[in-house]
Each structure stands twice: as C-alpha cells, then as structure tokens.
Amino acid sequence: MTATRPATVAGGPLRIETLPSLPGLAGLYARGAAASGRIAAGRALPHLPVVGTALEPGDGPLALPDVAYRVSGVETDGLAPHLRDYQRLVHEPASDTMPAGYLHVLAFPLATAVMVRGDFPLPLLGMVHLSNAVEHRGPVRVGDLLEVRAWAENLRPHRRGVQIDLVAEVWPDGGGERALWRGVSTYLAKGFHLPDGSPSGVDGSPERAPSGTWAPPLPTGRWALGPGTGRAYGAVSGDRNPIHLSALSAKAFGYPRAIAHGMYTAARALADVGNARGDAYRWTVHFGRPVLLPGTVDVAVTPAEDGTGFRYVGWNAPRRLKHFEGGVVPLDA
Amino acid sequence: MATRKTTNGAPRGASSGATGSARTTGVRDAVIVGGNRIPFSRAGKRYADASNSEMFTAALEGLVARFGLQGERLGEVVGGAVLKHSRDFNMIRESVLGSSLSPQTPAFDLQQACATGLEATINVANKIRLGQIDSGVAGGTDTISDAPIAVSDPLRRALLAAQHAKTLQGRLKALAQVRPGDLKPLTPATDEPRTGLSMGEHQAITTARWGISREAQDELALASHQNLTAAWDSGFFDDLVTPFRGLTRDDNVRADTSLEKLASLKPVFGKSLATSAEVPAVPTMTAGNSTPLTDGASTVLLASTDWAQAHDLPVLARFVDAETAAVDFVHGHEGLLMAPVHAVPRLLARNGLTLADFDFVEIHEAFASTVLTTLAAWEDADYCKNELGLPGPFGSVDRARINVNGSSLAAGHPFAATGGRIVATAAKLVAQRAAETGKPARALVSVCAAGGLGATAIIESV
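First to last, the sequence lines map onto chains A and B.
Using this note's numbering, you'd call the opening residue of the first sequence number 635 and step up by one each time.
Using this note's numbering, you'd call the opening residue of the second sequence number 2 and step up by one each time.
Source of the hints: derived by calculation from the structure; they are not laboratory data.
It is possible that part of the hints are untrue.
As the list claims (entries may be wrong) - Label pairs and their computed distance ranges (CB to CB):
| no. | chain 1 | residue 1 | chain 2 | residue 2 | range |
| --- | --- | --- | --- | --- | --- |
| 1 | A | A910 | B | L391 | 24 to 30 Å |
| 2 | B | D183 | A | H827 | 55 to 61 Å |
| 3 | A | G912 | B | N352 | 38 to 44 Å |
| 4 | B | D183 | A | D807 | 48 to 54 Å |
Here a beta-carbon is modelled for each residue, glycine too, at the ideal position from N, C-alpha and C.
Model the full structure from these sequences, guided by the hints.
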C-alpha cells in the first residue's frame, strides 16, 4: 500500500475541496470547546444528515464523488484529554503520542463527511465494515499541526453487493514527502450492483467457516465487554452508528443485540501488542462475525511465525466463531 | 539542663543496626529462628470479619510470645498483603505498634503478589547478611473475606473532582458526570490486568501445553491433604501456629478425601480449550486440584547468629540465598506461573548446587498442575535448552521430597501469608532432618506469583 494521490476510477485527479475545519467531535476537542469525552457525536455532527440520500438499488449506475476533502491547519493542542479518554478505553498506555487507532478516530469525521455527501451513492447506515488497513509512519504527537484528507475510491463488486474504500490520510500541515498516517476502510453495501452486473468477486473478508467448525488457537487474553462498550467507543470516536448503541437500535438493523465497533476490537488488539510495534507499523484487520454486547471475546495476540510483527485473532469460544483477525507489522522508517 | 527528647526514655532493645565497625565488608549468615502463623481458614468462614492487620498482629504477637520478644526493638518488621485497603498504608508498622514489640521497631510494607511473604523474608535476610540489622520479622497476611471493595474509575474520578472543586457549583458539576452504571462496586479479581484471563485460565493453558493429566493433578492434591494431615497429627505445627478466633488447625485440609472424591469434581478452568487447534485439551483443573481462596497470616523471625545466641534463642536454619524471576507471558510465550522454573536454575548455578542436593523441595501449590508443569519443564531437554539456556535437562526431583508436610492445596493460600508458612516449614524440616541424621540438610523453596513473577530460595540446616 503506497500513499497515492487521490484519483478517480478513470485515473483522473479528484477535485480537492478544502474545508475550514474538521467536522464534528475531533474538531470540537481541538478547539477546546469540549472538556469531556462524553460528547455525543450526534450532537457533534449536527450539520451532517444522519442518512445519505442514497440511490435505491438498481437506480442507475453507481459512481463515487470525484472529490477529496482536505482540512489543513488542524491543531492538536487541545486533544490531550480526548486522547487520554481514547487511551483508557482501548487500554493504550498514557502518552502524548497518538496510536494509529486514534488517528483513525481523528480522521473519521472527514471520511464520514464524504459518505454523507448528496452525491455519495451508498447509504451510510447499513454499510458493513469489512476490513481496515493502516500504515502508521508516525509518530504523531499532541501539539503537531496536521492536514487531514479523505476520499472514497475503488468501487468494486462484492458477492453480496458492492464494496468501496474510504481512504483517509494525515499529513504534516503544508504537506511533506508522504503521509504520516494512511487508513483504508473497506465497506460493503449490501444489495447494490455495478453496471457490469457482476455480483461476485474477491471480497477480502476472512473465510467464513461454518459455525462451530473453526478451531481457535490458545488464547493469550480474554475481554469481558460490557453492554456499554459500543456507547463508550461511540462517545470517544464519534461513530454513533445505532447498531453499536443499544439492543433496540441494533435490532432495527437486523442485529439481535448491540455490536461492538470493529475498530474498537482492532484498537484493543493493537494496544495489546504494545511497545513491540515500534513507531512505524502496518496495522490490518479483517472483520468476521460481529461481537454481540455484552460479550466475552477470547483473543490470541502472538508474534508472527515468520518473526515480523504480531498476528491477532479474536473469537467467541463457546460458539467457535471468529470475530476478527489481523496483524501489526513494523515498517521500515 | 537535661532535655528529654523522647517520651519513652532510652532504647530498651540491644539490637541497633550494624555492629562494630563503620563499614561492613562481606556478608554474614542470616538464620531462621522460628515462625508463627495463625491457622489458615477458607474464605468467608472463621475469619470472615477479621481484617488483614488483625490477622497479622495476631500472628506477630504469637511470634513475640513464643520467643520472648516483648519490649524488644527488632531491626525491622517487613510484610504485606496482596488485597490491601488504601487506608492500610503502613499496615505492618501499625501492627508493630499494636504488638508487644518495642514501638521503636521500624517496619515497612511490601507486595509482590503471592511471593510477598518470601520477598519479605529475602529483604530481612539481606539486611541481616549485610549487617544493617541484627534481627527482623518477615511475613504477610491476606483476607478474601474482608477484601477491600473499590468504586468504579468514573465514580472515583468524579468524587475526586468534586473534592477538588472550589465551589458548590463545581462540585455538583463534577458529580453530575456520574452515571448509574458507575455506582457498581468493584470487587477484587484474580484476573491478570494485562490479559483479562484469570490465573486459573492461564494455568489451564500451561497445563494443556505440558499435557498434565487430571489423574496426576488429583494425586498431587491428595498427597497434599494427606501430608498436611499427618504433619498436624504428628505435632509438627505445634510450635509454628497460634490458634486464632477459636481455630486451632487449617480448616481447608480434608483428611478423608480420596482420589474417587477428587475425580468426581467438575473442571472449573480451561473449559474452552477443548476446541483449540493448538492443544485440544480436555479440561483437567477442578476446585479439588486448585487452591481455595483463604484467609490467614504468617511470620518468620530471622536474625544474625550472634543475635540469636545473645538472646538465647534456637536456630532452625540458614537462609542461604534467593533468586527472583519474571516471564514473558502476555503473548503466550511462557506460562504465567512458570517464573520459578527460570529462577531456580540461576539460583542453583550461583550456589554450585543441583536439584539432587536438596532433601526437601517446597513448591507452592497454586494449582496441582503448577507443581507438575514445573517438574515437567525441568525434565524437558528442549525446553531447558531453548528457554533456560541450559545444555540439557535441568533435572528431576524425587517426588518423596516434594511438599512432604503438605502445601497450599491442603493448607489454603492466603496470598501474602504463604511465603512465611513455607519458609518456617522448610526451616523446621531441615533442622529436624539434620538432628536425625547428624548431616546437613537443605531445602529449596519456590513460589510463583501473578504478573509472571516468581521467588525462590535455599534454606540449609546449621
């Protein structure tokens, strides 16, 4: 994964649209307007519609907006309390250095802003987070002046619909040789089809063995996730998708109970790796079965057999269901 | 004009730090004079309303009575508790003040999970060996029944913020942050903070990795109960234990247990490992071959040989040397309770000894399988080569020398009190053996602890 310039499917450059500040929660924190981590993102994102005006399935060809958002001069001086809340929540050690998962949270509102544009062809709600890949070239510290960019790309078929990549980058303000951080979030929109009509394709998600047949490794840890896990991460990350907040709101989207944010579980795994990850690392995750809340997740975070970095996997032990798996691999500086 | 600077006049005790010259060169022997503990009791039973400091004071006062230390200024009293309330800062010093020792006896608290008692002994012995003190008491106490209960972090932070606020408005604002869920009290857990797995679950993984059978664990548990019962019946503990709250014997020991009874118990740990791809393992760890939660306290009196002689006190044994270790368990490289496996080879190498040189081997029975994985690891050539850096297997231990008077499975395991129980037991065992045979006797002590820690020591007859 190399940091490429934003481009359309056809290869043409995306139109750069510069926003005055990061929308939402992180921007509020940065301006010191909020002292508490309990600010609801629903309140923090008032100017964004809750549901994008998506086209109905089969409503004509899908096309991603040819625009990339950019916010420069992002101040991080005021982020210390927010970073502290994040670190406590995902069990990162207290530090002024931002873990890769925190930069995901920082860039999330801008990526969301892309997805809630009127010309974004897919519905924000109901999209399934399939996988995430981050290159963290860091370190990024509280006080650094940053530029954040976000766009959507790579609309492609999935066996159950279409998938897209939401790309976000964090740069030193004013640019530089390469991004300090680059995250690619792959989402699935079920029931949509591309013009060529091919619904099948490589979906990038882990193999879904039938329930009860997968054999897990020995655990190195066990997470007891309380019923408020989704609400807590929603408050800190700003991602207050109803499927994470309560059983009632999750049922509306077809889940029996609230489910944990995938990025919360991946961030916990990243924190578990600890200092061994170094300053620069590639952090990947593929999401499997959702983690129902409250719930217990067995995890194995172990050094990779080839000696490069760590692998991790999380599962439901009684039902032998894989929730997520991924890796944390050091990058050469 | 004479000024009186203290209210209690001149020091009464004879022990006052380093003897003789201004600089101490080399080390001298630290000897174990004796020990005293209260009977250990299963959590929630006889000591249900006894506090840590009450139990420690009782054990300490029994030691004072046994060795006539009333009014004596000892060099130091060192001990601790694993589950300790924040108000119990200086708990050991407060116990000293509540005892018949001279109030001029210094004290401090330390804590190293289940190795607390042995670490306290190491500290006191080292000070004696360096000539910094001539006498000291090491010990520990723990209660599950009277464990401190904490409030949640959000409630605690809100209460602290309210306390720090200068105005009523500020206080109310701080308290308004509290959510109903924050009011749930937090009871102490034996989960490893970094992994979220309980100690039993960690050990279940280690047990599975080493393929330790249910039968072997139950046999070891049975031996612990039988050995401890025999030791009580023979009067071994008559000069090591003082009754407390009407209890005269450890109440967890089951003289009438049997392999059949132990075999009938359902597994409690490692139940989810049966489907593991790495080590598909039928769960083997039960309440019968795991240590029960227990209340209790223990103490050991250590001294220099000169001090013991000057006070006309007997000497059981010499505290020769000690080694602590820690293992990398967080990502499963090593088992949580395997640190003593690493410590002992280093300890023995430093002292030019092998496992065969020990008449007694005291391995704390956190779980029966802890003892068995320890023994299996020392016999495994690959493991000893790759993990311990040894040329081959470290060696075998004659089962007849292990925990001959029972250990934690039978006696119970009040975390910080176990070290003192084992040190006193081992010291008396080598003293008895040496008296019987006329030859020196030696004991190895090994205690595993949470956090991947372990403490080990050598005790030798004098």
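For each hint, the structure was consulted:
no. : hint                          : result
1   : A:A910 <-> B:L391: 24 to 30 Å : holds (27 Å)
2   : B:D183 <-> A:H827: 55 to 61 Å : violated (48 Å)
3   : A:G912 <-> B:N352: 38 to 44 Å : holds (40 Å)
4   : B:D183 <-> A:D807: 48 to 54 Å : violated (39 Å)
In terms of the numbered hints stated before, the structure departs from hints 2, 4, listed from lowest to highest.
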